Amino acid sequence: MHTAEKPAEHATSPPCVPGGKKLETVREDEAYIRRAARENWISVVSFLLFLLVWELVCRLGIIGPFQLVPPSQVTWVLLDKLVDPNPDGALLQEHILTSLVVALTGFSAAAVIGVPLGLLMGWYRPVNTLVRPLFDAVRPIPPIAWIPIAILWLGIGLWAKAFIIFLAAFVPCVINSFTGIRLTNPVLIRVARIYGASNWETFLKIGVPSSVAMVFTGLKLSLNAAWTTLVAAELLAASQGLGYMIQLGRRLSRPDIIIVGMLTIGFTGALMSLALTAIESRFASSRKLN
Amino acid sequence: MQPRKIKTKVMSVLAPLASATIFLLLWQAASMIVSSQALPSPATVFKEAIRMFSIKIGGNSIWMHVFYSMRRVLIAYFWAGLLGLPLGMYMGWNRTFDKIVKPVFELLRPIPPIAWIPIAILWLGIGESPKIFICFVGSFVIFVLNSYIGMRYVDSLLIDAARAFGASKRQQLFNVAIPASLPSVFAGVQNALSTAWMCVLAAEMVGAREGVGFLILQGMDLNKPAMILVGMALIGLIGAILAVMLRLLEKGLCPWRKELV
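Chains F and V supply the protein sequences, listed in that same order. For the first sequence, my numbering assigns the number 1 to the initial residue and increments by one for each residue that follows. For the second sequence, my numbering assigns the number 291 to the initial residue and increments by one for each residue that follows.
Among the hints, erroneous ones may be present.
Said to hold, decoys possible - In silico contact screen, one side only, chain V against chain F (beta carbon under 8 Å); selected entries:
(1) 310
(2) 328
(3) 332
(4) 404
(5) 416
(6) 538
(7) 539
(8) 541
Stated by the list, open to error - On the chain V side, residues computed to face chain F include the following (Cβ under 8 Å):
(9) 296
(10) 300
(11) 305
(12) 389
(13) 415
(14) 417
(15) 472
(16) 543
(17) 544
Stated by the list, open to error - Which stretches of chain F does chain V cover? Using the computed rule of at least three CB atoms under 8 Å from a CB of chain V, they are:
(18) 42-51
(19) 77-85
(20) 98-112
(21) 153-162
(22) 215-222
No lab work stands behind these hints: they were computed from the structure. Computed from a prediction, not measured in an experiment: that's the story for all the values here. C-beta atoms are modelled at their ideal positions from N, C-alpha and C, and glycine is treated no differently.
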């Protein structure tokens, strides 16, 4: 007997219960939200204070210019990087584009292969018994550990990095699709069967739609993993991209370049997860209408 | 026993064996098709494993490499838990504190821990401390997030009930909210360790003379795929052992977690 695996939850989403339904945020009733909104100024003040302390620490020379630069200079360098390819040989937007192409290539390949595989593993037991041992053997190896062998096999171009990112994004796709379809309400399955649906039809019409929430959670996790792994791959072997940019910043002892790169990496990553959340909510609402 | 049950039992033993055999055969075939320089055969890798365990690599035995990596991970993990868990819980408990810390935390959160490597090297040099720092950043964020979420999703009914029975604010926190948030906290405890394990690898690959990350990078520099594969297997094995150990600990410490899954 297989036991349902613990679903890998998105770090910021509420805990899941069987059925993939999210627990309601009990402590976030309307009064709470209103009271919380009134206190937003605290956040603004604290953030400004943070920037001020950072600025002062640098201006007063407590931390040297080869370790940290003040936020005003970071902003300046950020704007400058949009038009000046020095010292790392490419504009900021070119670095972003290079990184995005690599990350999305690996990620889409992982989604296209991983999600169907996970769903099939969850629905058809023979597929699971065949694939699972292999999958379990590969899974505990962090994707980063694949970097050296990927470089040996595929060189340091796009394909080596896409391969590593594929591996990183693949695992959450499979696990969450597997768990999602396993949590399908058995009553629904039985109803479909009673009305004469074949196993394949039940899989397509009941199993797949009911696992959408978990699949999307898996995709978000995958995207996160893809982005993290991309940075690692670019740190080790690249001639362009955000990871390369911060690595070069270190070689040149340019903390301003590094900080701009780090913020861009964080911002782009956050933006991508937001985009995926938007797609998810559109997907979910169109499904409700049907 | 019914014949059906026996059949399932036999299958559950045979199927993994079969798929392992198929895997090894495919591997063997693949290594014969592509050059053995790129993909060594399973036998070669096994021999390489025996060789690696009996010699010193880069001045350290393989056990010492594992020890170095583990020490970095555990030091970072300890401090990240010690600071991260209370911080996240208090952020979840006290709204004003949450408002104060949130913006800075949200600015730093989306930056992958690996992206801290260059600046960590710039700040701390290339000794032990930047590696520990990277692992710390990676697991700290997860500790904070999970304890924060765990605290926020505590059923308000439990807290109201405690208040109705006259529990002080302190009692509400320590006797009700913290125990109720433990399942989510534990998810974080596990996640944080595997993240720290991944981070130490990345940090060691960027610049180190010892540790498991150094091991596989050395394999790449020497152009010895067998060495890399042994290193990867070792890394995976240690990661799996860590995960199993934490799962056992979780079972002991919060047995009610099972109901959720």
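Hints, verified against the model:
| no. | hint | result |
| --- | --- | --- |
| 1 | 310 | holds (6 Å) |
| 2 | 328 | holds (6 Å) |
| 3 | 332 | violated (13 Å) |
| 4 | 404 | holds (5 Å) |
| 5 | 416 | violated (11 Å) |
| 6 | 538 | violated (14 Å) |
| 7 | 539 | violated (15 Å) |
| 8 | 541 | violated (12 Å) |
| 9 | 296 | violated (14 Å) |
| 10 | 300 | violated (12 Å) |
| 11 | 305 | holds (4 Å) |
| 12 | 389 | holds (4 Å) |
| 13 | 415 | violated (11 Å) |
| 14 | 417 | violated (15 Å) |
| 15 | 472 | violated (12 Å) |
| 16 | 543 | violated (16 Å) |
| 17 | 544 | violated (13 Å) |
| 18 | 42-51 | holds (count 6) |
| 19 | 77-85 | violated (count 0) |
| 20 | 98-112 | violated (count 0) |
| 21 | 153-162 | violated (count 1) |
| 22 | 215-222 | violated (count 0) |
Hints 3, 5, 6, 7, 8, 9, 10, 13, 14, 15, 16, 17, 19, 20, 21, 22 from the list above are not met by this structure, while the remaining hints are.
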